[in-house]
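Chemist: Sequence:
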Amino acid sequence: MIARSEVPLLIIHADDLGISAGVNRAIFDAHARGLITSASLLMGGACIDDALKTLKSNSSLDVGVHLCLHDELPVAPPDKISSLVDKTGRLRPLGQVIKGIVTGQVKPAHIEAEYRAQVQRAIENGVRITHFDSHCHLHAFPPVVGAVAKVAKQFGIGWLRKPQAVRVSDYAGAPLRRYALSSTITACSLVSFGFIARGFHSPDRFIGLVHSGCGDTQWISESLRTLVAGSINELMVHPGDGSDHGGGREDNHGSWQRKAEYDVLLSDDLRAQIDDRKIRLVSYADLGKANDTL
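The sequence shown begins at 355 in the working numbering and counts up by one.
Warning: the hint list may mix true and false statements.
[Said to hold, decoys possible] Below, in silico cross-link-like pairs of lysine-lysine (BS3-like), each with a Cα-Cα straight-line distance of 27 Å or less: (1) K434 / K453; (2) K504 / K461; (3) K507 / K410; (4) K461 / K434; (5) K461 / K441; (6) K504 / K453; (7) K434 / K507; (8) K453 / K441; (9) K643 / K632; (10) K504 / K434; (11) K643 / K507; (12) K410 / K613; (13) K504 / K643; (14) K407 / K613; (15) K643 / K410; (16) K461 / K507.
[To be verified] For each label pair, taking beta carbons as the anchor points, the in silico distance ranges come out as: (17) T442 / R521: 37 to 47 Å; (18) A626 / D383: 17 to 27 Å; (19) E478 / S575: 39 to 49 Å; (20) G388 / R444: 32 to 42 Å; (21) R444 / S414: 26 to 36 Å; (22) A626 / R521: 16 to 26 Å; (23) R579 / Q474: 39 to 49 Å; (24) T442 / R579: 43 to 53 Å; (25) E360 / G443: 51 to 61 Å; (26) R552 / V522: 25 to 35 Å.
What the hints contain is simulated information worked out from the structure, not anything from laboratory work. For glycine and all other residues, C-beta sits at the position ideal for the given N, C-alpha and C.
Take these sequences, add in the hints, and give me the full structure.
Modeler: Structure below.
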């Protein structure tokens, strides 16, 4: 672990690297401008090859794996993970996968096999993985986090995102539809990390669960004001450059909302707030260095 700092430490983390060309461009651009410090690869994403290629010339971007069980293309052979895929060989939709996990129809061995294949593919492409998180935070659920823990130990990954919203301020200004979902994920995560995934490291606070897909200037500004000196925090964002098709104003994680988050990240106001509050931007790679420089 790292020595505690006298200022707040903040990871600005972008999910979904590899999901689309517009998302890829936005993440790499925001990193080049000094805002995004970390991202996670969606290994079954439609534009993962582009992301992996661009990473080779962006080695300063800290990278994890955005473990995925739904909607995208699988990395493991479909016949080896039959409980996770549909007749076309694609990972099933989110609702079907969650139902299968809850009822036991999705086999833990298949979850583990798909996650292992995703990590292995990243490594084979020269990626230095520093952490894991998951698409739609499915690793918050006890039946899933066990597989994540096994794969993490196999590959020597010590840092896992802890998707929890435990402060009242986390819910302020968020759409009401996000309250029940975020509370459920938080409750499951508390159980999973309290009993199953013990021993892994996570930032002290995860910011963005309740506001996922609907981040704006006011919310990010209010969140920065709540950071405590000496704490390690992760702010999750989903930027895109607006070039992808689909997604209106009410579509969480759609192209319009991703462009809105991208604009916030590039604003002079955000950089000024970070500087004024003496917030230090770090990455998961920094957290893994056992030294006194942070």
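Chemist: Would you pick out the hints that fail for this structure and give their numbers low to high?
Modeler: Of the numbered hints given earlier, the structure breaks none, since each of them holds.
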